[in-house]
Amino acid sequence: MDPRNLNRHFADLCDRAGVRRVRFHDLRHSCATLLDEQGVKIENIQDVLGHSSPTITKTLYVDPTDKVRRGAVDKLAFLFDE
1 MDPRNLNRHF
11 ADLCDRAGVR
21 RVRFHDLRHS
31 CATLLDEQGV
41 KIENIQDVLG
51 HSSPTITKTL
61 YVDPTDKVRR
71 GAVDKLAFLF
81 DE
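In terms of the UniProt record's numbering, the numbers along the sequence shown are unbroken and rise by one, the last being 82.
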């Protein structure tokens, strides 16, 4: 399939679903971020996306979410226990 046809078809699906248009490639970023948020190891996410390096996956594809940030900060709660 020609990538332009895939992109046009995907844009049409977004329009029919009434959601904001995003690039088809953006779904890879969303997948990586959602898997990371669920606690999947970066090496497993790398395998799913077919990257040669976990560094590429982590730096270019995984965006930290508020849930992940909050979980990290919550791990410091023991410092304030009485």
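The reader is advised that the hints may include incorrect statements.
[What the hints assert, rightly or not] Straight-line C-alpha distance at most 25 Å; calculated BS3-like pairs for lysine-lysine: (1) 41 <-> 67; (2) 58 <-> 75; (3) 41 <-> 75; (4) 58 <-> 41.
Honestly, the hints are just simulated from the structure, not real lab data.
* If you draw a straight line from the CA of residue 58 to the CA of residue 41, is it 25 Å or shorter? -> Holds, because 10 Å separates the two Cα atoms, which is no more than 25 Å.
* Agreement of residue 41 and residue 67 with the hint, judged by alpha carbon distance not exceeding 25 Å -> Roughly 16 Å separates the two Cα atoms, so the pair holds.
* Satisfaction of hint between residue 75 and residue 41, Cα-Cα up to 25 Å -> Satisfied, since the Cα-Cα distance of roughly 18 Å is no more than 25 Å.
* Quickly compare the C-alpha distance for residue 58 and residue 75 to 25 Å and report which way the hint goes. => The given pair, whose Cα atoms are some 21 Å apart, holds under the 25 Å limit.
In this structure, none of the earlier numbered hints is contradicted; all agree with it.
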